[in-house]
Amino acid sequence: EFTVATVNRLKPRFVIILGDLVNKPGDPEQIREFQRITGKIDKSILVYLVAGNHDVGHQPTPETVAAYRKTFGRDYYSFQAGPIYGIVLNSTLIHTPKNVQAEYQEQNSWLEKELQKAKESGLPHTVVFLHHPLFTKAADEPDDHGNIPLERRKPLLELLHKYGIRYVFAGHVHGSAVTRDGALEMTAVGPVSMPFSEEGSGMRLGVATAEGIRHQFFGFGRMPDRLAID
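Numbering (my numbering), first residue to last: 12 to 241.
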């Protein structure tokens, strides 16, 4: 709940939670606790949710995806906030589409249409948010638990480059990593809990202007007094 208090103190335009809202998919007690805590975020602050593999299952099915949608709302969607056109994806559909081919294809079709809408919106920054990083070290790195398999990563990257996407933010790996593929910056965001790296738990704060997006991870022991990134 320190996280919520910090958010309420800094008063950002929006907060986005990059997946794994619960640990056990569909667990009623964990869902209630998540909703209780996030319900304390100041109502003037927009809150956006991203579906993670712990929310729809490591091997998602139409049933687990439907259950997520019933509980948390859309698993892929867009939003506009200041100079940002945000596009939220359900990356587990991309990572493990075996049992959700229809949902995976529907999201793919929607994505290209949404990227075109974003381009036509005139907003300076189209930002993609998802749970699994596309990659953490290099765009052509081998498949592992911490990235999108190359077979589906490559066409997705090609599509994002086609529309000039410069910023992608993800979670999943419980640590920070900022990597580039040409003009595209792929940022894995460190966790609020269960850190796997020495940086510990914290939040990544960002400031968007017409010129660009500046962002930085802050551990909970060194949160700034105001929302400003040098």
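These aren't lab readings, by the way, just hints derived from the structure by calculation. Do not rely on the hints blindly, as some may be mistaken.
[Stated by the list, open to error] Quick list of in silico lysine-lysine cross-link-like pairs, DSBU-like style, CA-CA up to 30 Å: (1) 109 <-> 128; (2) 35 <-> 54; (3) 124 <-> 81; (4) 130 <-> 173; (5) 109 <-> 22; (6) 81 <-> 109; (7) 35 <-> 128; (8) 81 <-> 51; (9) 148 <-> 124; (10) 109 <-> 173; (11) 22 <-> 54; (12) 54 <-> 173; (13) 148 <-> 165; (14) 35 <-> 130; (15) 173 <-> 148; (16) 124 <-> 109; (17) 130 <-> 22; (18) 124 <-> 51; (19) 81 <-> 173; (20) 35 <-> 51; (21) 22 <-> 51; (22) 165 <-> 130; (23) 22 <-> 128; (24) 130 <-> 148; (25) 173 <-> 128; (26) 51 <-> 109; (27) 148 <-> 109; (28) 81 <-> 148; (29) 54 <-> 109; (30) 81 <-> 35; (31) 54 <-> 81.
[Unchecked claim] Derived DEER-like restraints, expressed as beta-carbon distance ranges: (32) 227 <-> 13: 32 to 42 Å; (33) 169 <-> 113: 36 to 46 Å; (34) 92 <-> 227: 33 to 43 Å; (35) 230 <-> 22: 19 to 29 Å; (36) 47 <-> 92: 18 to 28 Å; (37) 13 <-> 172: 36 to 46 Å; (38) 128 <-> 47: 17 to 27 Å; (39) 113 <-> 211: 37 to 47 Å; (40) 78 <-> 47: 33 to 43 Å.
Ideal Cβ placement from N, Cα and C applies to all residues, glycine included.
Cross-check of the supplied hints:
1. 109 <-> 128: holds (29 Å)
2. 35 <-> 54: OK: residue 35 and residue 54 at ~27 Å, within 30 Å.
3. 124 <-> 81: Distance of about 24 Å is within 30 Å: holds.
4. 130 <-> 173: Holds, at roughly 11 Å.
5. 109 <-> 22: violated (41 Å)
6. 81 <-> 109: Satisfied, since the Cα-Cα distance of roughly 22 Å is no more than 30 Å.
7. 35 <-> 128: violated (35 Å)
8. 81 <-> 51: Given that 30 Å is the threshold and the Cα spacing comes to 21 Å, the pair holds.
9. 148 <-> 124: Answer holds: residue 148 to residue 124 is near 29 Å, not above 30 Å.
10. 109 <-> 173: The hint holds at about 27 Å.
11. 22 <-> 54: Roughly 10 Å separates the two Cα atoms, so the pair holds.
12. 54 <-> 173: Given that 30 Å is the threshold and the Cα spacing comes to 37 Å, the pair is violated.
13. 148 <-> 165: Between residue 148 and residue 165 the Cα gap is close to 15 Å, so the pair holds against 30 Å.
14. 35 <-> 130: violated (37 Å)
15. 173 <-> 148: holds (21 Å)
16. 124 <-> 109: holds (24 Å)
17. 130 <-> 22: Roughly 28 Å separates the two Cα atoms, so the pair holds.
18. 124 <-> 51: violated (35 Å)
19. 81 <-> 173: violated (33 Å)
20. 35 <-> 51: holds (22 Å)
21. 22 <-> 51: holds (13 Å)
22. 165 <-> 130: Holds, at about 21 Å.
23. 22 <-> 128: Between residue 22 and residue 128 the Cα gap is close to 29 Å, so the pair holds against 30 Å.
24. 130 <-> 148: Holds, because 28 Å separates the two Cα atoms, which is no more than 30 Å.
25. 173 <-> 128: It holds: about 14 Å lies between the C-alpha atoms, which stays within 30 Å.
26. 51 <-> 109: violated (37 Å)
27. 148 <-> 109: holds (26 Å)
28. 81 <-> 148: violated (35 Å)
29. 54 <-> 109: Given pair residue 54, residue 109 is violated - Cα atoms ~38 Å apart, limit 30 Å.
30. 81 <-> 35: Cα-Cα ~16 Å, so holds.
31. 54 <-> 81: holds (22 Å)
32. 227 <-> 13: 32 to 42 Å: At roughly 18 Å between Cβ atoms, residue 13 and residue 227 fall outside 32 to 42 Å, so the hint is violated.
33. 169 <-> 113: 36 to 46 Å: violated (23 Å)
34. 92 <-> 227: 33 to 43 Å: violated (19 Å)
35. 230 <-> 22: 19 to 29 Å: With a Cβ separation near 20 Å, residue 230 and residue 22 satisfy 19 to 29 Å, so the hint holds.
36. 47 <-> 92: 18 to 28 Å: Holds, at about 25 Å.
37. 13 <-> 172: 36 to 46 Å: holds (39 Å)
38. 128 <-> 47: 17 to 27 Å: violated (35 Å)
39. 113 <-> 211: 37 to 47 Å: holds (40 Å)
40. 78 <-> 47: 33 to 43 Å: violated (19 Å)
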